[in-house]
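With the hints as a guide, bring the two chains together.
Here is what each chain is made of, one letter per residue.
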Amino acid sequence: MPTINVGGVEIEVDEDGFIADPNLWNEAVAKALAETEGVSELTEDHWKVVNYLRNYYLQFGIAPMIRKLCKETGFSLKQIYDLFPSGPAKGACKVAGLPKPTGCV
Amino acid sequence: MAKLASEPDRSLCTRLLAGPSPSHARELAQSRYPLAMYTEGLAHGKPAYGHGGYISIPELPAGVAIRKSCRPDIIEESAYIRILPPAGGWLGADTLERLADCADKYGKGLVHFTTGGTIEIYTTREQMVPMVKELNRAGLDVGSTGDDLRCITSCCGPARCDVALIDAPALATYLGRRFMDEQQFPGYPQKVKSGVAGCPNDCIRAMMEKDHSLVGVYRDLPVVNEKRLMAWREAGGDLDALVQACPAQALHRDGETLTILADRCWRCMVCINRCPAIRPGKERGVAWIAGGKYGHRGPQGPMVGYVLIPFLPITNEDYSAIGDLFGAFLELWADHARKKERVGDFLARVGPLWVLKQLGIEAQPQILLSPKRNGY
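From first to last, the protein sequence lines are chains G and E. Residues 1 to 105, numbered by the working numbering, are exactly what the first sequence covers, in order. Residues 1 to 376, numbered by the working numbering, are exactly what the second sequence covers, in order.
It should be emphasised that the hints constitute simulated quantities derived from the structure, not laboratory data. There are no misleading hints in this set.
In the BS3-like style, the derived pairs of lysine-lysine whose C-alpha atoms are separated by at most 30 Å in a straight line are:
#	chain 1	residue 1	chain 2	residue 2
1	G	K90	E	K133
2	E	K340	G	K78
3	E	K340	G	K68
4	G	K48	E	K339
5	E	K339	G	K78
6	E	K191	G	K48
7	E	K191	G	K68
8	G	K100	E	K68
9	E	K191	G	K100
10	G	K71	E	K339
11	E	K191	G	K71
12	G	K71	E	K340
13	G	K78	E	K68
14	E	K46	E	K191
15	G	K90	E	K340
16	G	K78	E	K191
17	G	K90	E	K191
Facing chain G, from chain E, some residues (calculated, C-beta under 10 Å):
#	residue
18	E59
19	P61
20	E182
21	F185
Glycine included, each C-beta is placed from N, C-alpha and C at the ideal position.
Chain E on its own, in the form it takes in the complex (with noise of 0.2 Å):
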């Protein structure tokens, strides 16, 4: 066993903390985060944290949940809040100030921005409802563990993207509103991951990754600019690579003149990241998908998400058809489920076409003809 010091042998870490690149050890240093723990655990080549769980706190029915430490005596138990995101990851730096102010006073200085999108503080039990009212004043609330609806991550959309083809931030703070009390009272029979991307390139693996997904889709072709076309292979674009790269092969090369075939293309993203001269095409929308999951419990294990609806327009930004939608099959899934299942294994036992008829859609034959390789 490692010898135990008051004072965290850092030996480990060294060339973690030196160095002038960003180091997470000299973050875990600077904070009150016990370093111990981390070196115990490099010592013995697995974590020293073990399995943790939900914990009740009166009045924060959900966002809270601890880790069990295997070194009780180093630090008892890992407690933490959870917050839910802004949309697409965008935080102001008066944000990011009031939050680095609740890790400092209520916390153990530490912030963590979670590869599943939202905001986790490290604490004790006894500091969270504080800790929580004064988040609160910031406009952020915690929520998001348990079996409840977790935050609806997004990609950072149009205010950043060139090709996103719709406003991704906006529906997933259209939806986490609508549905906050399903991301803060968990009632479902096991959590449920959402997730929003602005196009098929799926930066935040939506498909993959969350069990009740949109992405943003275009229903009709691609769009080639001549002129930028011909400005891009004088810049040394090379259009046969491109053709090779269609894996449709829909696109056509006719001496300097490429075309799209149309019964052919998939509206997939891989000409329009290619080249600049390719824009996608104009009637956009989002494809619905269910069923995606990481998670290697459960009967299927880790499977990508099926399409359920390929293309539902959106117009004028109204998103409550889409929120309808949503809210719906939450409530068939949640009535229907058996304990702790989860949507994807869910959606295997009882099969696409049962979700549909349950919510009155009628199947479009692209889902039956490849329902998961090509949601496009």
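Bound conformation, chain G alone (with noise of 0.2 Å):
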């Protein structure tokens, strides 16, 4: 299985890049995981989405709907794409630390 290295230590990812035990994740593991996306800087717009998908997932266990997570944060959805250029849920979601959503979203 394919690892990313955060701060000397290696992390499992899957094929897809998405982090394979959802419980290592922490902030440093989401900058790591962000600069895989395309995003170099973590600002205070992706914590606000990246903050709010991890919050919904370990309370649910699933990530959200695409139409829930644009009405909680305020953001539309082309601005979530401004933020992570994969979409919410290969981008944002992946930087959150969450498995990879199933569908095809």
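This is the structure:
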């Protein structure tokens, strides 16, 4: 299984780059995952999306619907694509340390 | 299995490749499309392409997709971009040349005008972003794939048709521009297709095919021009057949005069289509219809749309009220639909009256009398 290096520690990811064990996620891991997504700097807006996804996942065990994400964070879908070029599922969920969402989102 | 050769086995396409008439096989063979994939399908009686899906290309949230290949040795996959078409399918020679240049430079030299109204160019994943940038410079953009608002198709409208009641391409262009983000960023529970038809003939089959459509209608009665009716009769027009053809038995013949019974007329187009002396009424607007689909998935299967509002007036080419309604309905559906539930299944589940109530619209008697038979 491929890995990413976070401060000298190897973290396992799946073939699409999603974290294998969501429990190993922390802010440093998020920064490392963001770099694989072409996001060089995590701004306050990035963190707002990431923290929302993270908290929703910890509470319900799944990723939220895209519309819910937009409504709760106040960002339009377009703004989320601006923050995470791969989109809410492949980009934002990856950075937030969620397992790969199912379905073609 | 058919033999695999570097030169495609064209024997199965021989008749399609020869002859003077237009031939899709000849067009395919002239491009860099692998004709072997087509002949492979012909040889086995089923397409050599498998089910596809939406792919994630950074910078391109929608407008890109693939079809899987059953013969990866011939072609790994068929990746394509989908271009939002100008309303009514009107494309100038210059635009066609830009499209051709893009298809040649970044794609397989093939452009596909789809039955759904979009334009597709076959290419590879790597070429997608540069091609879209070039298309943007030509004033075109991609979208209309995945769970988003699909391109808003329309009939040719008054730019060429003599019975167009409303300017369908203008309305489609207005809606397309206003809801551009919805077409390019997939955030809905399921796809939603839209169409604008210029008259109740509905040449683009909006009522049956589109989730959410607008059809041009008239509210007053068809107008009979006595003088032209006489000329039509003298040229061999059969008045009895015309009276018989009316599905609502609303035409009444008294000697040589023809009258239309106001309480019977459905405001369809049958007499207007058959006789040039009868023209549509002057009071025009659109009927708002939702829930049509050809898809077999979902509990309802294929269905004809429900008429939700029989008549919405259009004044001074101001489409903003129609746009407001269009957007409000999409929001309502997206907020309340189940995952992967299309508009038709949603409407059948919650009921059209619930939708009208939520949107604060008064139900009209016509939609209860016959919600699907008569949109006019």
